[in-house]
Amino acid sequence: MDVVIDNGQPLLALTPQEWQEAFRNCQLLGRPISAIFRHNSTEALAYAAQYPELCVYVGDVDGHFFLPQVILQIQGYAQRVFLERLTCGICSWSGMSAEPFSLDNYLLLPEETRSQLIRNVGTLPQAPCPRCGAKLPRRSVWTEYA
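The sequence shown maps to residues 1 to 146 in this note's numbering.
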């Protein structure tokens with residue numbers, strides 16, 4: 001298990017075997033993992049496996065619980081994102097998108113760092129519907145394309 005530092009916050013980088021072991025034993029670093037963590041991590045890992053620009057790390061919330069953290073590599077920058085399913089109001093395309101404004105993405109960071117990162121998000125281009133090019137109902141910086 002490696003540790004990566006993102007904006008001063010240590011995030012755990014698990015190997016596929018370490019993820020499997022954590023899910024099998026229902027614990028990580030000798031501490032229990034919640035069913036919600038397991039569910040959210042499993043979904044995020046399934047999507048990240050399809051797209052080389054997505055990675056899933058683990059944030060340790062003050063030793064109390066774990067939080068999966070999805071990172072999107074975009075324009076040479078590692079952006080924290082929340083994966084969510086959106087539907088285009090024009091053509092009815094439905095797929096996963098990466099939403100960078102969710103405050104959960106910045107939960108473990110100091111207020112000053114969090115504020116700066118959220119301001120930086122405003123400079124990233126908004127991803128349109130991959131089918132028709134229309135604006136999606138929420139500001140995403142990435143949409144699935146496979």
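Honestly, I wouldn't trust all of these hints.
Just the calculated beta-carbon pair ranges, DEER-fashion [as the list claims (entries may be wrong)]: (1) Gly89 <-> Leu29: 16 to 26 Å; (2) Gly133 <-> Asp104: 43 to 53 Å; (3) Gln126 <-> Pro52: 17 to 27 Å; (4) Thr87 <-> Ala13: 24 to 34 Å; (5) Glu43 <-> Glu21: 14 to 24 Å; (6) Gly89 <-> Met1: 34 to 44 Å; (7) Arg24 <-> Gly122: 38 to 48 Å; (8) Gly30 <-> Gly89: 16 to 26 Å; (9) Cys132 <-> Leu29: 43 to 53 Å; (10) Val4 <-> Thr123: 17 to 27 Å; (11) Gln20 <-> Ser94: 39 to 49 Å.
These are calculated hints, taken from the structure and not from any lab test.
Note that this is a predicted model, so its numbers are computed, not measured.
Beta carbons: idealized from backbone N, C-alpha and C, even for Gly.
Q: Enumerate the violated hints, using their earlier numbering and listing them in ascending order.
A: 1, 2, 8, 11
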